[in-house]
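J.: Following the hints, position chain B against chain A.
Single-letter residue listing:
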Amino acid sequence: GCEALLELFFIWFILFHSFVYLPCGSYTEIPPKPPGSVTVLPPVKPAGGPQAFPDAENSNLPVFTMDYARIQVPFEVTLWVLLASFAKIGFHVYHKITFWVPESCLLISIGLIVGAIMHSVHEEPPAVLSYNVFFLFMLPPIVLESGYFMPTRPFFENVGTVLWFAVVGTLWNSIGIGMSLYAVCQIEAFEVQDINLQENMLFAAIISAVDPVAVLSVFEDVSVNEQLYIVVFGECLFNDAVTVVLYNMFIFVADMPVVEPVDVFLGVARFFVVGLGGMGFGVIFGFVASFTTRFTSNVREIEPLFIFMYSYLAYLVAELFSISSIMAIVTCALTMKYYVEENVSQRSCTTIRHVVKMLGTISETLIFFFLGVVTITTEHEWNWGYIMFTLLLALVWRGLGVLVLTQIINPFRTIPFNFKDQFILGYGGLRGAISFALVFTLPDSIGRKKLFLTTTICMIMFTVFIQGISIRPLIEFINVRRTNRNLETINVEIHSRLIEHTIAGVEDLCGQWSHYYWKDKFLKFNNRILRKILIRDNRAESSIVALYKKLELQNAMEILDTVSGDINAGSSIVSLQYVYPLSPSSSCSLSLSLYFALSLILLLSLSLACSPSLSLSLVLSLTLSFFLGTTLQAWHTCIWGVSPILLCRSSQPLSG
Amino acid sequence: MGSTNSTLSKIPNVEELMQETGFTPAHIVRLYDRFEALDKEKTGHLRPQDFGAINRLAMNPIGDRIIGAFFSPGQETVDFHSFVRILAHFRPADKKHPKDPSMPEPVNSRTSKLKFAFQLYDQDKDGKISRAELLQVLRSMLEMQVTEEQLESIADRTIQEADLDKDDAISFEEFRKSLEKVNIDHKMSIRFLR
Numbered sequence: 001g002c003e004a005l006l007e008l009f010f011i012w013f014i015l016f017h018s019f020v021y022l023p024c025g026s027y028t029e030i031p032p033k034p035p036g037s038v039t040v041l042p043p044v045k046p047a048g049g050p051q052a053f054p055d056a057e058n059s060n061l062p063v064f065t066m067d068y069a070r071i072q073v074p075f076e077v078t079l080w081v082l083l084a085s086f087a088k089i090g091f092h093v094y095h096k097i098t099f100w101v102p103e104s105c106l107l108i109s110i111g112l113i114v115g116a117i118m119h120s121v122h123e124e125p126p127a128v129l130s131y132n133v134f135f136l137f138m139l140p141p142i143v144l145e146s147g148y149f150m151p152t153r154p155f156f157e158n159v160g161t162v163l164w165f166a167v168v169g170t171l172w173n174s175i176g177i178g179m180s181l182y183a184v185c186q187i188e189a190f191e192v193q194d195i196n197l198q199e200n201m202l203f204a205a206i207i208s209a210v211d212p213v214a215v216l217s218v219f220e221d222v223s224v225n226e227q228l229y230i231v232v233f234g235e236c237l238f239n240d241a242v243t244v245v246l247y248n249m250f251i252f253v254a255d256m257p258v259v260e261p262v263d264v265f266l267g268v269a270r271f272f273v274v275g276l277g278g279m280g281f282g283v284i285f286g287f288v289a290s291f292t293t294r295f296t297s298n299v300r301e302i303e304p305l306f307i308f309m310y311s312y313l314a315y316l317v318a319e320l321f322s323i324s325s326i327m328a329i330v331t332c333a334l335t336m337k338y339y340v341e342e343n344v345s346q347r348s349c350t351t352i353r354h355v356v357k358m359l360g361t362i363s364e365t366l367i368f369f370f371l372g373v374v375t376i377t378t379e380h381e382w383n384w385g386y387i388m389f390t391l392l393l394a395l396v397w398r399g400l401g402v403l404v405l406t407q408i409i410n411p412f413r414t415i416p417f418n419f420k421d422q423f424i425l426g427y428g429g430l431r432g433a434i435s436f437a438l439v440f441t442l443p444d445s446i447g448r449k450k451l452f453l454t455t456t457i458c459m460i461m462f463t464v465f466i467q468g469i470s471i472r473p474l475i476e477f478i479n480v481r482r483t484n485r486n487l488e489t490i491n492v493e494i495h496s497r498l499i500e501h502t503i504a505g506v507e508d509l510c511g512q513w514s515h516y517y518w519k520d521k522f523l524k525f526n527n528r529i530l531r532k533i534l535i536r537d538n539r540a541e542s543s544i545v546a547l548y549k550k551l552e553l554q555n556a557m558e559i560l561d562t563v564s565g566d567i568n569a570g571s572s573i574v575s576l577q578y579v580y581p582l583s584p585s586s587s588c589s590l591s592l593s594l595y596f597a598l599s600l601i602l603l604l605s606l607s608l609a610c611s612p613s614l615s616l617s618l619v620l621s622l623t624l625s626f627f628l629g630t631t632l633q634a635w636h637t638c639i640w641g642v643s644p645i646l647l648c649r650s651s652q653p654l655s656g
Numbered sequence: 001m002g003s004t005n006s007t008l009s010k011i012p013n014v015e016e017l018m019q020e021t022g023f024t025p026a027h028i029v030r031l032y033d034r035f036e037a038l039d040k041e042k043t044g045h046l047r048p049q050d051f052g053a054i055n056r057l058a059m060n061p062i063g064d065r066i067i068g069a070f071f072s073p074g075q076e077t078v079d080f081h082s083f084v085r086i087l088a089h090f091r092p093a094d095k096k097h098p099k100d101p102s103m104p105e106p107v108n109s110r111t112s113k114l115k116f117a118f119q120l121y122d123q124d125k126d127g128k129i130s131r132a133e134l135l136q137v138l139r140s141m142l143e144m145q146v147t148e149e150q151l152e153s154i155a156d157r158t159i160q161e162a163d164l165d166k167d168d169a170i171s172f173e174e175f176r177k178s179l180e181k182v183n184i185d186h187k188m189s190i191r192f193l194r
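Chains as they are written, first to last, in the UniProt record's numbering: chain A, 1 to 656; chain B, 1 to 194.
These aren't lab readings, by the way, just hints derived from the structure by calculation.
Keep in mind that this is a model prediction, so the values were computed, not measured.
Virtual Cβ for every residue (Gly too), placed ideally from N, Cα, C.
None of the hints are false.
With a cut-off of at most 30 Å between alpha-carbon atoms, the simulated DSS-like pairs for lysine-lysine come out as follows:
(1) A:K519 <-> B:K115
(2) A:K549 <-> A:K532
(3) A:K550 <-> B:K177
(4) A:K550 <-> B:K181
Pulled a few chain B residues facing chain A out of the computed Cβ check, cut under 7 Å:
(5) L57
(6) P61
(7) F90
(8) M141
(9) R157
(10) T158
(11) A162
(12) S178
(13) R191
Looking at chain A on its own, in the form it has when it is part of the complex (with noise of 0.2 Å):
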């Protein structure tokens, strides 16, 4: 009886599908509407009486019209967003996955699928890489995210190692990446003479930078020391500024046969016009935005509007003066942070928190995505001597580039990196799409063009896959001193208050300056100057008294609640059901995969056997069957009784 539910089940969907496509095969060219025209009534009524339908003798009035030419860019856009997110969801189904693959190396297989089968339709994928979409639509939310949910203290204590990484350490790798590939290149077996020292030192700029996507993906999930953590997350987001300016630089020379010292002289002042000027915008935009949510004590539902507006407005003054704009929208919003989360409402407050994470997630899935499906897609130069050497190269250099410059400032340290600390700060050196995006830019003049595509899908396949991979229990087998996120209590807050002041004090009697001294001093220039102007009721408040509300608003917060956890937005009154964390049994997953399975071979059968736009019914397709197998699983269960797993998120089987 139960089997029979099924199948007759499957039999509506086929039919819904079939419905749904085969209209699609009669209409082969959709009629394009006339540029400007607009379906109105001639103005001019015919005499004789009112007519209902104007044309009505010529043809009957359709009941049924697809106009798909209209609604084309959004609706696809839509629809890889979807089917990237449900990709995402489906990773989640088998938990020990997540755990030992980095989501980045799933969606970028995912991705490798998807390019296969368009490019064996030969259907060309949406440009998301390309310079204009990646750089201004693409990468700001991610860089946005990271800025802003950067824990600023250990930031600020670590703000010169994080420095002398970024810029010395991504200078080292360039110089060093880019001559010894151009004395690789002197060798004659490998025929590729005819890159000359500019075209090599101009790659190796687009591939030294370590990438903040890549990165943060990687080491969001494993915990290593703060220390550590801030020195990678602030490396790669601080190293822009250099590759900018290396990028703009290998360009502007790459045409030129002789390279004047002067040029290398601009390069550096370059450099600091860059630099300082990204940071320097992003600080103006900061506080502008600071000032502007002063005022906004009327407009709350728009709050977070002028988070999200002034940050990409930072971004996009940087990128219009061509300096860098991922230094300008993080030091926006480092400085926009503290004051406007004294300023908005606390809803405001928790949807720009939330918001932000979603852009930055949605961003940072789409672009691994489309890395995977343009690997298939693009036309590629292979050429095993300057991959292989490449590759190896960024390893060497890397590794000699932390070793040596983690000597040189350990000493400025309070806590050095021992070998340890260094071999994963080394090893964590991802690179990701921002290199790929930039080489797919370069000018055609470049001969070898397509080398260098390859050679950068090469490179990044192989950190974020064989790296990102062996991160973690590289990191479990050498015992890397780990953090320990849950510092938040209050006893931790007030001692740590009070080891500050007396470390200030003991510094002020040995007659020394240290950052301490820096901080102390900006703190009562906050307080005396800038608080009063930006922020709209001016209480300072210690982060002591700040803990303790918090901690006491989760404790109301517990109360209410029988377990711990996300509320969701239905159980604000007593809770009946236990939401527990998800641990599918196994057959349950055996399962869907099977249905899932089942519906995409269909599914993409029936489809490309006929519709218009292949994409269109491919990506169709799968997020049809995704639902398909989610809805055909939970059917199986209630059916059958075994616990709902997908529905409902209980572990128990729901009662009545």
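T.: Just chain B now, with coordinates in the frame of chain A:
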């Protein structure tokens, strides 16, 4: 080099001091210069007024407690040895020294640092931080930001969190336990004293 040696020879028992605290000769000399600069009347001892002359220290919320930590109970002056011994608490920990159980605990170990911080709270030296002592410290740190009731709630919560044997006070062990996940060596070290 000559001036270092001549300065060092002025200080009695300087070898023993360096052994005990782990400071290098260069540091000792620097600290001695500082000591002399503070000791305006050249008596060879520091009094509370000399400390109070440091402006920024006077403005520190717990400045008076820090100054008080230098004076052993009953003493009214601080000589150079005590000065250096207290400052030795803030040296970053030496990782290279093997743990030798026969030697006394080094002055800059984690436990010694924690003890120093504990004593800043525990002014009456009874080995516990009572509610009143905690309130005093909170009041001086939070000054005018909170009302008295809020202060009391914060103090109550603090004691409730840390107090494991329910005696309404925080003993040194409970203090240490509440800070077990904090990197005290990092927080309580001054770089240039390495």
